[in-house]
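Trainee: This is what each chain is made of:
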Amino acid sequence: MKKVVVLICWVMLAVGCHLPSPTQPPDPDEALITRGKEIFFNETFGGNGRTCGSCHPAENNFTIDPAFIATLPADDPLFVAEFNPALKENFENPRLMREFGLITENLDGFDDLANKFTLRGVPHTLGLHFTVNSGLGPRTGWSGDGAPGDGSMRSFATGAVIQHFTKTLNRVAGVDFRLPTAAELDALEAFQFSLGRQKELNLPLPLKGTVAKRGQDLFNSPTEGKCFACHFNAGANGAPNLFGPNAGNLNFDSGVEDLPDQPQDLTGELVPPDDGFGTPGDGTFNTPSLVEAADSGPFFHNNAIETIEGAVGFYDGESFNNSPAGQLIKNATGSGIELDGTQIVEIAAFLRVINTLENIRQSIEMLEKFAARNFQTVNAGEDLLNSALVETRDSIMVLKGGGLHPEAVMYLEKAKKLTNKAMHSIFSRARHTREAIKLQEKARNELVEAS
Amino acid sequence: MMKRMIFVAITVGLLGILSHAIAEKTTELYIPLGQSPGVSAKLTVIGKIEQVDSQNGALTLSDASGSYDVRVTNQTMIFLDKSGLNQKNAYGTLADCKNGMTAEVRFENDDRGRPAEWIKLQVVR
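Each protein sequence line maps, in turn, to chains A and B. Residues in the first sequence are numbered consecutively from 1, following this note's numbering. Residues in the second sequence are numbered consecutively from 452, following this note's numbering.
Mixed in with the good hints there might be a few duds.
As the list claims (entries may be wrong) - With a Cα cut of at most 30 Å, we get these calculated DSSO-like pairs of lysine-lysine:
id, chain 1, residue 1, chain 2, residue 2
1, B, K539, A, K116
2, A, K199, A, K369
3, A, K414, A, K369
4, B, K499, A, K116
5, B, K476, A, K417
No lab work stands behind these hints: they were computed from the structure. Quantities reported herein were computed from a predicted structural model and do not represent experimental measurements.
Looking at chain B on its own, in the form it has when it is part of the complex:
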């Protein structure tokens, strides 16, 4: 019985009860660009939006080290950071991404080959 218990426990564990450990994203809405604890500038990319491809759900972000292709999916959360204007932050969409905007991108699983988990757009006016 012990062996059976072990087998079932490990199998179920591998299948998904042991869910991928992720941070909560909801309060991320109110964390200004560049200030996500333990993440900003370590795991995220902060740069300027160079190009937005609304049709294919993508954008290009560039910083001092180069350019990054960012895939945006239905799961990607987009936050409008208005804290610099002392205004309430809001959820946004790809349509809010404009060339020249400063943005911060965190990728799924912190893998820059993966789609964006979240994007923060700095709203200046």
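With the rest of the complex left out, here is chain A:
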């Protein structure tokens, strides 16, 4: 009898460790974000089965790439053009989607679906607080004009449902899909703005790695990399001392469309030119943030370049230096951007390190929330650990991919194991989580001086 009582106590203790903390009065902002998350990943808006999460999955940094796409089952709604007869023609190009992660959009009108379309990569939805606003209004999507209505991030989902969720190419509201309600738009906006970092970096960071440190110097140099001009603090905004204090997120024609041998062009499939912002387009495209870049490739609006080193190297090439943006740099500084191989790798190393720092920050945040039982449901707790695992996986991949900071990689591998243990443990979740946090901090300390 005594043994039974002891066993029951242990079980209750174990169950208690898995439960969220006693109910607190709900934070209305948190409630809106939670509602937005629910809509983002589950609401199909009466359409073809896709959700926002179909193209913006949490487990892949809210974007898709060929490697991730290859893991999806054949009946995933992302592939609806492959199994829905009504969408078989002129909705997506399955080959280009699977091979290059490209999505079809009819940004210049729906009057000639067979010939009038663009093929673009899926931008992630991280750090949106710092990548949408500009002095002239919000800029959404790859060309900065991604949303209908008032053009805001809030309205973006309306256009996305029409373009991507429809049951047939008739796109009749109320038949092929339903439009998001005002409340749903509010919730989606709140959720998306909650994703990723909530403040800008303040460069220069006190980096410890030799190569990344040099990369940061090149990045911020007005005579060498010149990257800061359009990616101030490695973000998405123009440098205020160059473009004015309220310039914010800008568009540029940087010549990506002029790159030779673009992968999709090598297939023989119809790939119309993409003219960017406006109809007809002016050739400019929106500047993305670089903090999130290293683990969210391929790069540029058309996924033209796979690696972060390749993306940096683009700015040393003719396509960029002959472009309007390249000419702007040349006229302003007396020369275009000229980088040699080692310098390209150094700037890329800097981008890898700041991406890893952001991934570590997110991992620690989620692990600390879990350890403090700061979640409302058991599933939410599991999500926290899972998300920490995903970010840690990315940190390892990004550092290893650049041959950087092997000690940090070692700590992160251990953190990943412990986080996994926490997920599958009954009695030691909190302990494993706290140990994982310490290892994340050790990894961070390898990359940057403690502040």
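Here the structure of chain A is known, so what remains is to put chain B in place on it, guided by the hints.
Mentor: Below, chain B without anything else, positioned relative to chain A:
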């Protein structure tokens, strides 16, 4: 060099790389009249067409607050909203604007003195 960089950057910025931030109009085709997010009834005018002047490219729209002269140019997009009939929406022209039709007008730069950026016509039969 920094000063030169600043001057060129700001000049180019003012000239047009910093393009006017506009919403995309293409999916607007499929948004029913009165449901354009953040815009309908806040920035647009929804009312009845009172008069159409095809020769001069203009129409008069009236709602509870009064009448509005709407200039229609080659850039104005006209959408035929057939969603109420469960039919596919289509692009239209000034010739599709008829007296008595319910219409929604968004003006360029949201300035009612400017020409229409787009007009949605509610098709009821």
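Trainee: Does the structure keep B/K476 and A/K417 at a Cα separation of 30 Å or less?
Mentor: This hinted pair is violated, its Cα atoms lying about 49 Å apart.
Trainee: Taking 30 Å as the top limit, are the C-alpha atoms of B/K539 and A/K116 close enough?
Mentor: Measuring from Cα to Cα gives roughly 18 Å; hence the hint holds.
Trainee: Does B/K499 pair with A/K116 here, judged by a C-alpha cut-off of 30 Å?
Mentor: Violated, because 34 Å separates the two Cα atoms, which is more than 30 Å.
Trainee: Next pair to validate is A/K199 with A/K369; report whether the Cα-Cα distance is within 30 Å.
Mentor: holds (19 Å)
Trainee: Just to be careful, I want the Cα atoms of A/K414 and A/K369 compared with a cutoff of 30 Å; is the pair within it?
Mentor: holds (20 Å)
Going through the hint list in order, the structure does not satisfy hints 4, 5.
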